[in-house]
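Letter by letter, the chains look like this.
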Amino acid sequence: METLQQLHGAWQAVIALALVVGGVFALVGAIGMLRFPDFYMRLHAPTKATTLGIGGVLVASLCVNWSRGGFGLHELLITLFLFVTAPVSANLLAKAALHLRVPSRAGDAPPTDDRG
Amino acid sequence: MIGWALDFATAAVGLAMLLCVWRLLRGPEATDRVLALDTMYVNVVALVVLLGIRQGSDLFFEAALLIALLGFAGTVALARYLSRGDIIE
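Protein chains in written order, with this note's numbering: chain S, 50 to 165; chain V, 571 to 659.
Honestly, the hints are just simulated from the structure, not real lab data. Don't take every hint at face value.
Chain V stretches covered by chain S per the calculated footprint, using a threshold of three residues with CB under 8 Å from any CB of chain S [what the hints assert, rightly or not]:
(1) 589–600
(2) 620–630
(3) 633–643
On a predicted model such as this, the values are computed, not experimentally measured, just so you know. All C-beta atoms, glycine included, are put in the ideal place defined by N, C-alpha and C.
Please construct the entire structure, taking both the sequences and the accompanying hints into account.
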C-alpha cells in the first residue's frame with residue numbers, strides 16, 4: 050500500500066479509475082443475475098458485465114505492474130483466458146438450458162436435436 | 571485516493587459474491603446454480619487480483635490463473651453433465 054501511495058499522481062488516478070469501474074461492473078453483473086426474470090436473461094449479466102468488471106480490475110493491476118517497470122504477463126494471461134472462456138461457458142450453459150427446457154418468457158424453447 | 575479505490579473495489583466484488591450466493595441457494599433451475607458458481611469464480615479471481623495489488627506480491631497471480639482454469643473446467647463439466655447426463659463418454 051505504501052509503495053502505491055508513492056506512485057506518480059497520473060498513475061494513481063488511472064489505477065483508481067480502473068478499480069472503481071471494475072468494481073461497479075462486477076456489482077452490476079451480480080445484481081443483473083439476481084434481478085432478471087428468466088434464465089436466458091440472467092445469462093447476459095455475468096457474461097458481459099462481470100467480464101468487463103474483472104477486465105477493469107486487471108487493467109488496474111497491469112498499470113501497477115507497468116508503473117514498477119514490469120511487463121505484466123500474468124495479468125495479460127488471466128485477461129486473455131477469461132475473455133476467451135466466458136462466452137464458451139455461457140454458450141454451453143445456454144445449450145444445457147435449452148436441452149432441459151428451462152422456461153423462457155419468450156415462449157417455449159424450440160425442439161432440440163440431441164447433439165448437445 | 572488509491573487506497574479508497576481498492577477498498578471500494580474489494581467491497582463491490584465481495585457484495586457481488588454475496589449476491590451470487592443468494593442466486594446459488596435460490597435456484598430455481600439447476601442451470602441458474604451453475605451460472606451462479608461460474609460468476610462466483612470470476613469474482614474470486616478479481617478478489618485475488620485485488621489482494622495481489624494490495625500486498626504487492628506476484629504470487630497471487632499464479633493463484634488467480636489456477637482458479638480461472640479450474641473454474642472454467644468445472645463449469646464445462648457441469649454444463650455437459652446437465653445437457654448429456656455424463657461428462658466423459
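Hints versus structure:
1. Given as covered by chain S, the region 589–600 of chain V passes the check, having 6 residues with a CB less than 8 Å from a CB of that chain where 3 are the minimum.
2. Requiring three or more residues with a Cβ within less than 8 Å of a Cβ of chain S, the coverage given for the region 620–630 of chain V holds, as 6 such residues are present.
3. Note: the region 633–643 of chain V has 5 residues with beta-carbon separation from chain S under 8 Å; the three-residue rule is met and the coverage holds.
The structure meets every hint from the earlier list without exception.
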